[in-house]
Amino acid sequence: MKVIDCFVNMKARRMASKPTMSTKEETPAADGDKPQTSSWKDSIYNPRTGEFIGRTAKSWALILLFYLVFYGFLAGMFTLTMWVMLQTLDDNIPTYRDRVASPGLVIRPRSLDIVFNRTDPKQYGQYVQHLENFLQQYNDTVQEKNELCMVGEYYEQDDQEEKKVCQFKRNLLRQCSGLSDTTFGYAEGKPCVLVKMNRIIGLKPRGDPYINCTAKRESPLQMQYFPSEGRFDKMYFPYYGKNLHSTYVQPLVAVKLLLTKEDYNNELTMECKIEGSDLRNSDDRDKFLGRVTFRVKVVE
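For what it's worth, UniProt numbering labels the leading residue of the sequence shown as 1, then goes sequentially.
Rather than coming from a laboratory, the hints here were simulated on the basis of the structure. What you are looking at is a predicted structure, and each value in this text was computed from that prediction instead of being measured. C-beta: ideal position from N, C-alpha, C; glycine also. Please note that a few of the clues may not be correct.
Said to hold, decoys possible - Subject to a maximum C-alpha distance of 25 Å in a straight line, what follows is the list of computed DSS-like cross-link-like pairs (lysine-lysine): (1) Lys164 x Lys242; (2) Lys163 x Lys145; (3) Lys297 x Lys261; (4) Lys196 x Lys216; (5) Lys273 x Lys204.
What the hints assert, rightly or not - The following label-pair restraints were derived from C-beta to C-beta distances: (6) Phe288 x Leu74: 42 to 50 Å; (7) Arg199 x Trp60: 54 to 62 Å; (8) Val106 x Phe66: 53 to 61 Å.
All chains should be built: construct the whole structure from the sequences, respecting the hints.
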C-alpha cells in the first residue's frame, strides 16, 4: 500500500508542475496598433502635420509677411532720411569747410627733388617739358577769353550765375615764362620753379599775400620773383568751385634760383612760404600748409 501511495503522489506532482495551456491563442498585433516612431526626415517635413522645418504653411506666410513689412519700413525710412539730407546740400559748395581754412602750396615741375646736369639736355628735359605743358593753359590764346579785372580788388560774383575768370597770362612770369628762354633757365644752371596755392572755395585772403623762399644754409641765396615781389593779386579771389568756375586758373609766382658755380654739385634745401596775409604757413601736422619744401642740386 505504501508503494502505491508513493506512486500516486509522484504522478500528482508531475501533473502539477506542467504549465497549463491557454485556451486562446495569442494573435499578432494589428498594423494600426504599432507604436509611432519619428525620424530625421520628419524634422524637415512632417507629412502627418504638414509642417516644414517646424512651421506650417500659414506660420511661414505670417512670418515672411512680418519681415517684408518690417524691412520695407526700414528701407522707406532710410530713403526718406537721405532725401531730406540731400535737400540741404549745395551742389557747388561743400557744407563743411572749417578744416581747410588755409591753402597748401605746390610747385611745378612736379618734383620735390630737382636734380640735373645743366650740360645734359636729356636730364633737365623732363622738367622743361613739364613746365611747358603746365603753362599751356596760360597762353594768350586761352587767357584773352577771360576778363581784364581791377588790380588789387576782389572779383566777387555772388549774384552772377556764370562766373568769369580774370586773365593771368604767362608773360607775367617774364624770364620764367618759357617764351624768351625755352629751357626756363635750366640750361644755364639757374632753374625756375613755379609756386601756386591750392584752390579753396570762397577764400579771400586778407592783407597782401606773397611768396618768400629761403635756402636752408648760412649764406642767403639770390632769387628773382615774377610777378614782381612774388605777390598774389586779390583779383584772382574768391574761387567759386569747379562747377561754377570751370575755366578758373590759379595765379602763379615764379622763383628763379640764381645759382653760382659755388652752388653747383651741392644739394640745396629750399622752403617757400606764403606771407603778408592771414593765411597760415606753419603747422607741425601739415608740412604743406602755406609752405612747401623741396631740394635742388645742379651738377656740371
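Notebook entry, point to check: Okay, which hints does this one fail, numbers in order?
Noted result: none
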